[in-house]
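Make a model of the complete structure from these sequences and hints.
In full-length UniProt numbering, the protein residues as written are 1 to 997.
Incorrect hints may have been included.
Claimed, not checked - The list that follows gives simulated cross-link-like pairs (lysine to aspartate or glutamate, DMTMM-like), each with its CA atoms no further than 20 Å apart:
1. K968 <-> E987
2. K443 <-> E506
3. K411 <-> E929
4. K673 <-> D618
5. K881 <-> E929
6. K631 <-> E987
7. K968 <-> D905
8. K402 <-> E417
9. K123 <-> D135
10. K968 <-> E901
11. K440 <-> E280
12. K411 <-> D812
13. K480 <-> E504
14. K170 <-> E150
15. K784 <-> E977
16. K968 <-> E951
17. K626 <-> E851
18. K225 <-> E395
19. K325 <-> D403
20. K577 <-> D905
21. K440 <-> D403
22. K376 <-> D433
23. K228 <-> E417
Since the hints were derived computationally from the structure, they do not count as laboratory data.
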Amino acid sequence: MATLQRTQVADNDASTAGFRIGVDVGGTNTDGVIIDPSQLQSDNRGIVAWHKAPTTQEPSHGIDEAIRAMFQSANIQPSSVASVTIGTTHFVNAVIERDASRLSQVAVLRLCDLIIGHYALVKGGLEIDGSLISDISETEIEEQGRIIKEKGINAVVVNGVFSPIDTVEKQEERAAEIIRRIVPGCDVVCSKEIANLGFLERENAAILNASILRFARHTIRAFQKPVKELGMICPVFITQNDGTVLSGQEAARLPIRTFSSGPANSMRGAAFLAQGQLEEAAMVVDIGGTTTDAGLLQTNGFPRQQAAYSELAGIRMNFACPDIKSIGLGGGSIVRQGSAVSVGPDSVGYNLKRDSIVFGGSTLTTTDCTVMSNEKLELGDRNLVASVVSSTELEIIQSNIKDKLERVIDKMKTSPEDVPVFLVGGGAIIAPDSLVGASKVIKPRWAGVANAIGAAMARVSAVIDVVKSTETKSATQWLKEIGEDVIRKTVAAGASTESATVVEQESFPLPYIDHKARFIVRAAGDFDFSKAATLSVEEDPEDETDSDVFSDRQRSAHVREKRESTTEIILSTYRPKVRDRIWYISETDVDWISIGCYILGTGGGGSPYSSMIRLREDLRRGAVVKVISPKDLKDDDSVGGGGGVGSPTVGIEKLAGNELLEAQEELAKVCSKRITHVVSVEIGGSNGLQSMILGSTTNMNLPAIDGDWMGRAYPTQWQTTPVVFNERSPIWSPTAMSDGNGNVVVMSRTTSDFMVEKVLRAALSQMGSHTATADAPVTGAETKRWVVENTISQAWRIGRGVVRARRENRVDSVAEAIIDECGGPSAGRVLFKGKIVGVERMLRGGYAYGECIIEGADVRVDESHARSSGAGPGTFRGRIKIPFKNENIAVLRLREGDTEERQEDVLGIVPDLITVIDAQNGEAIGTPEYRYGLLVIVLGLAANDKWTKNERGIELGGPPGFGFHHLKYQPLGTFTEPMSVVDEFDETPAKDFHRVQ
Numbered sequence: 001m002a003t004l005q006r007t008q009v010a011d012n013d014a015s016t017a018g019f020r021i022g023v024d025v026g027g028t029n030t031d032g033v034i035i036d037p038s039q040l041q042s043d044n045r046g047i048v049a050w051h052k053a054p055t056t057q058e059p060s061h062g063i064d065e066a067i068r069a070m071f072q073s074a075n076i077q078p079s080s081v082a083s084v085t086i087g088t089t090h091f092v093n094a095v096i097e098r099d100a101s102r103l104s105q106v107a108v109l110r111l112c113d114l115i116i117g118h119y120a121l122v123k124g125g126l127e128i129d130g131s132l133i134s135d136i137s138e139t140e141i142e143e144q145g146r147i148i149k150e151k152g153i154n155a156v157v158v159n160g161v162f163s164p165i166d167t168v169e170k171q172e173e174r175a176a177e178i179i180r181r182i183v184p185g186c187d188v189v190c191s192k193e194i195a196n197l198g199f200l201e202r203e204n205a206a207i208l209n210a211s212i213l214r215f216a217r218h219t220i221r222a223f224q225k226p227v228k229e230l231g232m233i234c235p236v237f238i239t240q241n242d243g244t245v246l247s248g249q250e251a252a253r254l255p256i257r258t259f260s261s262g263p264a265n266s267m268r269g270a271a272f273l274a275q276g277q278l279e280e281a282a283m284v285v286d287i288g289g290t291t292t293d294a295g296l297l298q299t300n301g302f303p304r305q306q307a308a309y310s311e312l313a314g315i316r317m318n319f320a321c322p323d324i325k326s327i328g329l330g331g332g333s334i335v336r337q338g339s340a341v342s343v344g345p346d347s348v349g350y351n352l353k354r355d356s357i358v359f360g361g362s363t364l365t366t367t368d369c370t371v372m373s374n375e376k377l378e379l380g381d382r383n384l385v386a387s388v389v390s391s392t393e394l395e396i397i398q399s400n401i402k403d404k405l406e407r408v409i410d411k412m413k414t415s416p417e418d419v420p421v422f423l424v425g426g427g428a429i430i431a432p433d434s435l436v437g438a439s440k441v442i443k444p445r446w447a448g449v450a451n452a453i454g455a456a457m458a459r460v461s462a463v464i465d466v467v468k469s470t471e472t473k474s475a476t477q478w479l480k481e482i483g484e485d486v487i488r489k490t491v492a493a494g495a496s497t498e499s500a501t502v503v504e505q506e507s508f509p510l511p512y513i514d515h516k517a518r519f520i521v522r523a524a525g526d527f528d529f530s531k532a533a534t535l536s537v538e539e540d541p542e543d544e545t546d547s548d549v550f551s552d553r554q555r556s557a558h559v560r561e562k563r564e565s566t567t568e569i570i571l572s573t574y575r576p577k578v579r580d581r582i583w584y585i586s587e588t589d590v591d592w593i594s595i596g597c598y599i600l601g602t603g604g605g606g607s608p609y610s611s612m613i614r615l616r617e618d619l620r621r622g623a624v625v626k627v628i629s630p631k632d633l634k635d636d637d638s639v640g641g642g643g644g645v646g647s648p649t650v651g652i653e654k655l656a657g658n659e660l661l662e663a664q665e666e667l668a669k670v671c672s673k674r675i676t677h678v679v680s681v682e683i684g685g686s687n688g689l690q691s692m693i694l695g696s697t698t699n700m701n702l703p704a705i706d707g708d709w710m711g712r713a714y715p716t717q718w719q720t721t722p723v724v725f726n727e728r729s730p731i732w733s734p735t736a737m738s739d740g741n742g743n744v745v746v747m748s749r750t751t752s753d754f755m756v757e758k759v760l761r762a763a764l765s766q767m768g769s770h771t772a773t774a775d776a777p778v779t780g781a782e783t784k785r786w787v788v789e790n791t792i793s794q795a796w797r798i799g800r801g802v803v804r805a806r807r808e809n810r811v812d813s814v815a816e817a818i819i820d821e822c823g824g825p826s827a828g829r830v831l832f833k834g835k836i837v838g839v840e841r842m843l844r845g846g847y848a849y850g851e852c853i854i855e856g857a858d859v860r861v862d863e864s865h866a867r868s869s870g871a872g873p874g875t876f877r878g879r880i881k882i883p884f885k886n887e888n889i890a891v892l893r894l895r896e897g898d899t900e901e902r903q904e905d906v907l908g909i910v911p912d913l914i915t916v917i918d919a920q921n922g923e924a925i926g927t928p929e930y931r932y933g934l935l936v937i938v939l940g941l942a943a944n945d946k947w948t949k950n951e952r953g954i955e956l957g958g959p960p961g962f963g964f965h966h967l968k969y970q971p972l973g974t975f976t977e978p979m980s981v982v983d984e985f986d987e988t989p990a991k992d993f994h995r996v997q
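Structural data, given as C-alpha cells:
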C-alpha cells in the first residue's frame, strides 16, 4: 500500500547482533526490514524494524530512506549490519520498456557446424552424448572478433550446441577468451551460464543479459552507494529468480537472473513467516496495490519453477523463473458500480492515499469496500464510504474479490486437493478469511513486507542440468553423484558447507535415444559470512553518473511511444501477395502458418518455433518463398519432399541447418529426374514449414506445394496418403537421410514402406537423433491424386483466426474461430474444456506414449466469470482421457471408478484431428508440454476424406494404426476442403493465367 510506515517491532538487543537488511524495490512501493538472526525463535521472529513507502524515481534514494528510517526507529548502528540484500524490478523493466538508453547492441557467435552464410556461425558444438560435432576454430573466432571490434560492439554472446552439458571441451569459455583478447574491454556472455537446454531460447536469454550489462553495473553501484554512505562495510546482495542471492558482482554479470525476483522474494518471505506451518506445499498469494501474484511454495521452501519456456517483451526464453500467475486485483483496484458491478483490473496504484474514498478521494476502491466490511480495520474514515456503496453492492464486490482469488488459486494448484494459502502483501487486507480450494487461509504477521523479509533471509543456490548415460550407471547413482557436485558448486558460490543441501532433483529418459537421461538437481545453503570474497561492483570513474543511470521518465515514454506507433498489420485489410497463381510468402504469413501448423500437429510434430524463426530470417535476407496450388501441377512434374526426424530434446538444442538440402542432393544422385517442386511430409508441427524452407534455398529455388502427405502430424512415414492409396509399393524408395554434419544414409531399395521406417529409426539414434529425410519423388499426376490439398492455406487461416481472436480480446471464443476457419460447425467441434489434472508418460520403441487426464472447468479468460462449478456455459462436466503416441489418439470420456475404454465413451478418435490448445492464448500445446494445471480446450476437426473414404486409410491412420483395435472410428464431422489462398487472393485476371513452370 502507499502509506509510509515504520516501526520498531521488538525489544531485541541491537548492540552486537549481525543484522540482515532486506529491501525490495517494487514498481509501487519500496519495502524494508531488519532481521536479527539470533532472535529467529522469538515471538517477533527476529524482526527488529520494517518500513514501507512509495518507490522513488531514483531507487537508490528510496533504499537510503528506508534504511535510515529503520536505523532511527530501532536505534541500530551501521557497524552491526552483516548484509544488505536488495530485490529489484529495474532490469526487467528496462527490457520490457525497450529503453534504448539502458540497452546495448549485442553480437552473437554460434558455435556449430552448420555454415549457412551467416557471419556469426562458426565451427564447434557437441552432440547430445558429449561427443564433438567439431572443435572451435581460433582463426574463425579471431576474424569475427575483428569484425565486432570494427563495428564498435562491446557486448558479445557465445552460444554453443549442447553447451550446458559441455564440462570437458569448454568451447564457449575458450571462444570467450579469444574474443576478449581481440576486443579488449568488451562484455562476453557464455550462454551456458544463463539458461539450460533449448538453443534459441537460451540464446535469446543470453542476448537480453548481455544487452543490459552496462546498465546493471550502474544500477548496482547506485544500490551500493547508500550502503557505503551510511557507514556499513557489509556485502550487498541482489536476489534472483529462485529466491536466493547473488553477490553484487555476480548480479552485475548475470542481471537476467534477477528479472522475477519480486514474486520470489514474497514467496521466500512467506516461507520464513510460515516456519512450523509449512508441512506441505502451499499457495502464496501476494496482493499488492495493483496486481495479485500467486505461486506454489514447495515444501523445500522454494517457489515452483516455470515449466519449459516463458516470454518476456515478446521474446521466448528458458531461464529459470518462478511459476507465477498474475491477475488485476489489488488494494487499489477500482470498483465500478451500476447494472454490473466490477472490480479492476485498473487501479489507483500508489495514489491510493490521494484517490481512495476513505482517504478523502473520489474513486471507489477495494480498500474502501474492505474498510466498510471490516469494522476492526482502522484505516481512513469509513463514514466517507457509507453513502457511496450499498450493503447489496458490498456483498457483490466481496464475492467478486473472493471469486478472483479462488480462480487464480485453482489455476496454480498442482493437484485437485485443497492446499494451505498464505496471503501476503500490503493489499492482503482485501482478502477474505476463507477461500474455496484452500485447506486454510493464513495471514501471517508482517505479511505486508514479506518481500523484504524474503530478501533479507535469502539463501545461496546452484543448479546442474546435464545429460548422462544410464547404460552402466543407474539414475539413482547419477542423482547421488550430481547431488554431491551441485553441493560443491553451491559452497563455491558462497554457501556454508554445513548448510548446503539438495533441495530439488528430477530425471527423465530422452525419446529416441537409448540409455540417455536428463538430470536436473538444485542445492541451496545459508551464506557463509566468514568467507572473505569480493562481493561488490567496483567503482569506475569513466562510467556515467548516477543521474545518467536512471533515465528520466520522458526518455522511457518516448521509447514506448515510438514502439506503440509502429504500424501493425490490419487484419481486416491484409491480403497475402498472390500473382500469376504464385503465393509469395511474407513474414506475417509465416507467423500465421506456424501457429496453424502446431494446431494441426495434434500434439506432435514438434514446435514450429525454430523453423518459423529460420524462415523469417531467410525472408529478411532476401529469400523468395513461393507456394502454388496442387491443381497447377503438370502431370509430368517431379515433386520431392521430406522433413525433420528425431528426438524433441535434441531438436530444441541442435537447430536445423542444411540437412534437408544435403539429403535431397544425395537422393538426386540415384534418381533419374530432378525435382521441380517440393512438398512437406506433414503439415503438423515443425515439418509444416520445411517445404518452404527447402524450396527457397538458393540451390533449389523451387515452389512449395500447398498441401502435404498427412493433413496433420503422424508418428511414422507409412502413415501417409501415398501409402494409403497403395498404387505402387514401396512409395518411399529410394530415400536419403542426413544429419547436416556430412553423414548421409541412402536407402536405394527396400521391400516395404514399413521397412523404410524401421531402418531410418535405427540409423537415427547413431546420427545424433536429429536428421532430415528426402523422400522418393512422385509425379505431378500422382501428387494431385494423393496430396492432402491446401493445408498451408488451412494453417494460414487458423493462425489468422487465433491472432484475430487475441487482438480483439476474444480468446474465450478462439476454439470456435479455429473451427470456422476449418469449415464451420459441421467440420469440427469443441470436445471438452477444462484443466489438466494428470499426465503419465513412457518411452516405447523410441516413441513418447502416455495419457493426459482433463477435468471439466470454466476456462474463460475473463476473471469476472463464475469459478468452475459445472454450471456456466464455459464449463464441461466430468473427466476425459487423451491417450497419445507422439500425437493425440483419442478423446475418451472417463467413468467414475471404471477404467474400461468403451465405444460409447469415444468423443473423437483418429484419423480425425484431436488437438489441445491453451485456453489463455489459443496456441497449441504439444504432448511434451502437457502438465498439471494448464487450462485447455480440446478441439476435434474432421479428417481429410483421403483417410476416411476407404478401409486402408482407417487401418493405417485410424485406431488400428495405434493399437486401439477395440475401438472403431466414428466421424465427428464432415470434412470441408480448405479454401486455397491462391484461389481467393490471386490478383491476376483469369485470362492472364499461366501455369507455374
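Hints, verified against the model:
A threshold of 20 Å between alpha carbons decides the hint, and for K968 with E987 the separation of about 46 Å lies outside it, so the pair is violated. As the CA atoms of K443 and E506 are separated by approximately 32 Å, the hinted pair breaks the 20 Å bound. Between K411 and E929 the alpha-carbon distance is near 16 Å, which keeps this suggested pair within the 20 Å criterion. At roughly 28 Å between alpha-carbon atoms, K673 and D618 are farther apart than 20 Å, so this suggested pair is violated.
At roughly 16 Å between alpha-carbon atoms, K881 and E929 fall within 20 Å of each other, so this suggested pair holds. At most 20 Å may separate the alpha-carbon atoms for a hinted pair to count; K631 and E987 meet this at roughly 18 Å. Taking the CA atoms of K968 and D905, the gap is about 11 Å. The hint holds against a cut of 20 Å. Distance hint between K402 and E417 is fulfilled; the C-alpha atoms sit about 19 Å from each other, no more than 20 Å.
Simply put, K123 and D135 have alpha-carbon atoms about 7 Å apart, close enough for the 20 Å limit, and the pair holds. Of the pairs offered as hints, the one joining K968 and E901 holds, with about 11 Å between alpha carbons and a cut-off of 20 Å not exceeded. As the CA atoms of K440 and E280 are separated by approximately 12 Å, the hinted pair is consistent with the 20 Å bound. Distance restraint check for K411 and D812: the Cα-Cα separation of roughly 16 Å lies within the 20 Å cut-off, and the hinted pair is therefore satisfied.
A threshold of 20 Å between alpha carbons decides the hint, and for K480 with E504 the separation of about 12 Å falls inside it, so the pair holds. Simply put, K170 and E150 have alpha-carbon atoms about 27 Å apart, too far for the 20 Å limit, and the pair is violated. Taking the CA atoms of K784 and E977, the gap is about 14 Å. The hint holds against a cut of 20 Å. Taking the CA atoms of K968 and E951, the gap is near 12 Å; set against the 20 Å cutoff, the hint holds.
Proximity of K626 to E851 is assessed by CA-CA distance (about 39 Å); at most 20 Å being required, the pair is judged violated. Among the hinted pairs, K225 with E395 is inconsistent with the structure: their alpha-carbon atoms are about 49 Å apart, more than 20 Å. Between the alpha carbons of K325 and D403 the distance comes to roughly 15 Å, so the proposed pair stays at or under 20 Å and holds. For the given pair, K577 sits about 46 Å from D905 by alpha-carbon distance, which is inconsistent with the 20 Å threshold.
Between the alpha carbons of K440 and D403 the distance comes to roughly 16 Å, so the proposed pair stays at or under 20 Å and holds. A threshold of 20 Å between alpha carbons decides the hint, and for K376 with D433 the separation of about 14 Å falls inside it, so the pair holds. Proximity of K228 to E417 is assessed by CA-CA distance (about 50 Å); at most 20 Å being required, the pair is judged violated.
The structure shown violates the earlier hints numbered 1, 2, 4, 14, 17, 18, 20, 23.
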